[in-house]
Amino acid sequence: MDAYKNGKWDKCSSLFQKAIDDYHFYKRTLIDCRLKCKDKKAPPSFSNILVEGNCLRKCKKKVLGFRAELEVSFAVNKKFEERAPYNYMSFCYFKDEQFKAAASAAFTYYVTHPEDERTLESLQFYRLQKGVEEEDFVDKEKRSYQSHYISGLTAYNDREWVTAADHFQQSLSDYFIEEERCRVGCENGFVHGVFPDFINAIADHYLTVLVCEQKCLKMLSTFGTDEVKDFVCEHFNYLQYAYYQANNFEKAFESIANYLLFKPKDGLMLSNIKYYMETLGYSADLFTPSKIVREYVDMWKAIDSQLDFIRESYILPNDVISPDAEAVMKDSEEVYLEDSSLAVNRSANVVVFEKLGLHLVNEGKQFKGNDRFMADGLIRDDQCAALADLARAMPENEFGVRSASLKDSVQIVSKSEDYEISMRLFFRGLALMRLYTSAYFDDSSLHVSHASIVCRSGAVHSDLSLPESCVPQEDGSCWNPNLQKPKYTVVAYLTDNTDGTGQFYFRGDNGQVQAKVDPICGRLVGFGRDSRHGLNLSWRHDRCALVVQLSSVLPEDPGIQEVKKLMAKLDEERMKGLDEKDNAAVLNEFYKQGVKVSLHGEQLFGRERFVADGLSTPAECDQLISLARREGISGDGYQGRPSPHSSSELYSGLGVNRALKLGKVAGDGYPDGPTDSPIKTKFVSPYSKYEVFEGLNISRSLMLVDENRISANILHLFLDISEHARLLVEKFFNQTRRLYFDYTHLVCRTALDGDTEDVEKTLSHPVHADNCIIQDDGSCEKDPLAYVQRTYSAVMYLNDDFEGGQFFFAHKNKSEQVSISPTCGRIVAFNAGEYHGVKGVTKGQRCAIAMWFTNDPNFVEVSRLHAIRRLRSIDSENNNEKHDGLDDEFDTATGSNDNIDNKQSKLERELNSGKTESDLHIVREDRHEQTMKADSGSHSGVEVRRESLMNLEGTIDYNAGRIEDLSERNGDVESRDEL
1 MDAYKNGKWD
11 KCSSLFQKAI
21 DDYHFYKRTL
31 IDCRLKCKDK
41 KAPPSFSNIL
51 VEGNCLRKCK
61 KKVLGFRAEL
71 EVSFAVNKKF
81 EERAPYNYMS
91 FCYFKDEQFK
101 AAASAAFTYY
111 VTHPEDERTL
121 ESLQFYRLQK
131 GVEEEDFVDK
141 EKRSYQSHYI
151 SGLTAYNDRE
161 WVTAADHFQQ
171 SLSDYFIEEE
181 RCRVGCENGF
191 VHGVFPDFIN
201 AIADHYLTVL
211 VCEQKCLKML
221 STFGTDEVKD
231 FVCEHFNYLQ
241 YAYYQANNFE
251 KAFESIANYL
261 LFKPKDGLML
271 SNIKYYMETL
281 GYSADLFTPS
291 KIVREYVDMW
301 KAIDSQLDFI
311 RESYILPNDV
321 ISPDAEAVMK
331 DSEEVYLEDS
341 SLAVNRSANV
351 VVFEKLGLHL
361 VNEGKQFKGN
371 DRFMADGLIR
381 DDQCAALADL
391 ARAMPENEFG
401 VRSASLKDSV
411 QIVSKSEDYE
421 ISMRLFFRGL
431 ALMRLYTSAY
441 FDDSSLHVSH
451 ASIVCRSGAV
461 HSDLSLPESC
471 VPQEDGSCWN
481 PNLQKPKYTV
491 VAYLTDNTDG
501 TGQFYFRGDN
511 GQVQAKVDPI
521 CGRLVGFGRD
531 SRHGLNLSWR
541 HDRCALVVQL
551 SSVLPEDPGI
561 QEVKKLMAKL
571 DEERMKGLDE
581 KDNAAVLNEF
591 YKQGVKVSLH
601 GEQLFGRERF
611 VADGLSTPAE
621 CDQLISLARR
631 EGISGDGYQG
641 RPSPHSSSEL
651 YSGLGVNRAL
661 KLGKVAGDGY
671 PDGPTDSPIK
681 TKFVSPYSKY
691 EVFEGLNISR
701 SLMLVDENRI
711 SANILHLFLD
721 ISEHARLLVE
731 KFFNQTRRLY
741 FDYTHLVCRT
751 ALDGDTEDVE
761 KTLSHPVHAD
771 NCIIQDDGSC
781 EKDPLAYVQR
791 TYSAVMYLND
801 DFEGGQFFFA
811 HKNKSEQVSI
821 SPTCGRIVAF
831 NAGEYHGVKG
841 VTKGQRCAIA
851 MWFTNDPNFV
861 EVSRLHAIRR
871 LRSIDSENNN
881 EKHDGLDDEF
891 DTATGSNDNI
901 DNKQSKLERE
911 LNSGKTESDL
921 HIVREDRHEQ
931 TMKADSGSHS
941 GVEVRRESLM
951 NLEGTIDYNA
961 GRIEDLSERN
971 GDVESRDEL
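First residue of the sequence shown: 1, per full-length UniProt numbering; consecutive thereafter.
Simulated from the structure, these hints should not be mistaken for laboratory data. Quick caveat, the model's predicted, so the values are computed rather than measured. Among the hints, a few may not be true.
No farther apart than 30 Å at their CA atoms in a straight line, the calculated lysine-lysine pairs in the BS3-like style are these [said to hold, decoys possible]:
no.: 1; residue 1: LYS142; residue 2: LYS79
no.: 2; residue 1: LYS61; residue 2: LYS27
no.: 3; residue 1: LYS487; residue 2: LYS565
no.: 4; residue 1: LYS11; residue 2: LYS100
no.: 5; residue 1: LYS215; residue 2: LYS36
no.: 6; residue 1: LYS61; residue 2: LYS36
no.: 7; residue 1: LYS79; residue 2: LYS218
Construct the entire structure; sequences and hints are all you get.
Dropping the structure here:
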C-alpha cells in the first residue's frame, strides 16, 4: 500500500503478489498441519487431543516460526478473501504498462465484484484499446474443480458424453479435497468474551466450527457471485445421463444411487430406476452408491443433526431463562403430540395468502406446540422502516423500550404528516395480521384488542438493564402470569436481528427453550395464550416489532376508530384541494414541453387507454438504462423470485453474462431426453425460455445512493421521470381523486440465444390484468389478494434498439387486439383492469419503467417517500442548490400539491461536464457519470392490428368519454394515417 500511494508501480505490483502468495502459504500451512496431525482412526479422547495438539503446534512452529501463534485479523483475512489486493495490483500493472498482467488481475477481482463499473470499464479498455486477448483474462483464484465443472457442462451441452463424465468425476474428486480443507480451515481460535465452564468453552467453540463448516458448502458452490444449488448432488444428475448416453450402465446405476442419497424421494430419478428395471431388465441390487459418497452424506447428516440441536435447543451465553425454573434441562427434548390432520387443515387455510407473498414456514410440531406458527413475507423492507419510525418518534423508557400504540400514531401524525403513511401501514398491517391469524386458526370471532409497535435499543448502546427476574415479552413488558392474556398474539418483525442476539423463543413450563426464531423484516410469529415465550436482548442493533393481540372477549382497541377518523379527515381535505385543480391547464403545460399524445381511446379499442411520446430525452433514457444494467438484481421488486413471469427470464442485472453462459446448458439427464438443466432454471423464469431480466426498484436505488454506488442525481432522475408519468396519467384520465404511486420498477429484458422456431411466439409476460385475476370464461375476478387497490398502470419505454418486446392490449379470449412498439420517452397508460401482455424479446435488450397507481392513500409507495426525504437531506447536508421540484414531488407523493418542473437541466449540466474517455478507463480515485451518446433518430412504431371481435362477450364501447378530440389537445393536427 505504501508503494501504491507513492506511485512506485513496479514495486507495488510485485509486493501485492508476494502478499497474496504469502497469504496462501500461511493458510495452506495451517490446513496441512491440521490434516497431518489428525488421526482419523484414533477414538476421540483427551489423551489423543493432547497428542494431536502437540503435533499441530510443533508443525506450525517448524514451518511458520514466530508466526505460528499469531492469528490473521478478521479485517485482513476479509481483504484477501474478497480479492482486494488484485484490485490495487491491476492498477499498478496498468501504470507500469504491463497490460496483460493488469487485465488478469482486474478480471480476477471482477469475478467476485461484477457490480464494479470501473473494473468493467478497465476490462473493456484492455480488450478494445490495448489488444489483450480473451485467453489473457485469467481468474488467478479459480479452483481446479470449478474448471472441470465448467468443462463438464460444455462437453455435456456438446453431447460429448465420455468427456463430460470425465470432467464431472474429476470435479467431484477435486471438490471433496477442497471441501475437506475448507472444513479443517474452520478450526481457528475463538474468543469467548465471557468466562465459561470447561465444557461450555468446548461446546461454544465447537458450535462456531460447525457453523463455519456449513458455510463451506455455499462458498465452494458459488461461481463468482452465483451459487449453484445442490452442487454435489447435481454432479450425479449429469453423470447418470452422460453414462447412459455413453452406454456405461454400471456407472450410470451408481450415479443414480448416489443422487438418491441426497434426495431419496426424487420422483424423476426413481422413474429412471423403473425405466432400467422394467424396460431394460436390470435388477435393483445394481443401484448401489459408492462408499465415499455414502460416507460424505452420513457426515453431513451428523453435522446437520448437531446444527438442528443448536438452533432448537442449545442455550447461548446471552439467552434469558426464567430464574425460577426448577429443571431447565429436564424434558429438553419434549415433543408435543399433534393431530397431523389439524396441521394439514391449518396450512390449507392460509394457502390463499401466498398470492400476497406471505408463506407459512413453520407450525405446530416444528415449534413444539399446537398453537404456534411462523410465516415470512408480510411486508417489505421499506415498509418495515416506516413502521419502526412511529416507535422511534416516542420517548424511551427506563429499560430502553420505545412503544407506539394506535392512539400514539394519531398524535404523531397530528403533529407531523410526514408520518401519515406509517400510520396507514400500521392500520393495514394489523388488519392483515388479524386476517391471517383468523384464517390459520379458523376463528372468525377475533378482533384486535391491542396493537403497538415496540422498539428496544441495542444493549451495547446503553447501560440499561432489566430486572433480574424479568423474562422480556414482545409488547415491551416482563412476563407476568397474573395478567389476563389475549386469545392469540401475533408479532411482525420490522428489523433484521441475525447476529445471534435478539432471538424470540418459545419456552416450556419449566423454563426450557423449545424453539427459537431469528427476527427478520416481514417475518410473522403467532401463538396462543398458553404458549410461554421470551426474547433475548439485541446487543448491537435496535430490535423492532409490530405486536397485535387478538381476542374474542376483550374490547376492541379504541385507537382503531381514532385512526379511521383521522384518515377520513385527511382524505376529505385532499378531495377538496384536488377539485380546485384545472387538469386541462396541466395537460397544456405537458404539450408545451413537447409531450404529444399519439393514440387514445377508440384508436386503441378501449375507453381508458392512451399512448404519448416525448416524456424523456434520449440522454435521460440512456442514463436509466445504464443504472439498470449496473445495479439491477435478480428478482428485485418481485419478492425475491428470479422472475414472476417466465421460466426462461431472469431479473438479474449483475449476473447477466454468467446467466447467459450457464443458461446454454441443456439436458437434465432423464431417459426421455434432455430438458432444461438445473443450472438453466436457476437463472430463468416461468414463461419465456429466451429472455433474462435486470430489475431495480426505488428502495434499492436509495440504498445504492447511501452506499455511494450511484449519484443522488440519478435517483433524482428516476423519481422525476416517473413522477411526470404519474401526473400525466392523473390529468389525462381527468381524475377527481389524487393518484398515488403503488409501485415503481425499472426493468430490462434481454434476449437469450435460442435455436427454436417458437421464439417469436413466446410471450415475455402473458395476458393478464393488474388488479384482478382472469378467469377461464374471460371475466376478471376482483380477488382481495390481486392488488385490487391499483386503478391505473403505465409503462414508459427507454429504448427501441431490440427486436420483439411489443406491448399489446388483448381481447377477453387473450388474443391480441392492438400492439405498441417501444421507443425512448413513449408511455402506454391504461386502466389497471385492462387485459394486456408483452411479446418476447427476440434480440437485444428492452428497458422500461413499469408503474402502478392507486387512488387509495393507504397503499402509497413508501420507498418513494423515503427517497425524497433522503435526497432533500443530501441537498441540505451538501449545501447544494435545491433540486428543482423535489419539495413539490414530496408534496405530491404525500398528497399535498401538484406541479410540473423542468427535470433535466441540472442533470444534463453535470453529465456534460464529464472527463475524457481515457480518464474513464484508468482513474481509480474519482467516480463520475459518463455522458451517454443520444440517438437523435426519429421513432415511430405504433402498430394497430384490427382483429376479429367475434370471440368477445358483449360489445366494445369506442367512446373515449371525457377526452376531447385528439388533434385539439395536441395543438398540431395530424391525420390518423400519419399516426
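Tested hints:
1. LYS142 / LYS79: Cα-Cα ~17 Å, so holds.
2. LYS61 / LYS27: holds, 14 Å
3. LYS487 / LYS565: Given pair LYS487, LYS565 holds - Cα atoms ~27 Å apart, limit 30 Å.
4. LYS11 / LYS100: Measuring from Cα to Cα gives roughly 17 Å; hence the hint holds.
5. LYS215 / LYS36: holds, 23 Å
6. LYS61 / LYS36: Holds - the C-alpha atoms of LYS36 and LYS61 are around 14 Å apart, at most 30 Å.
7. LYS79 / LYS218: It holds: about 19 Å lies between the C-alpha atoms, which stays within 30 Å.
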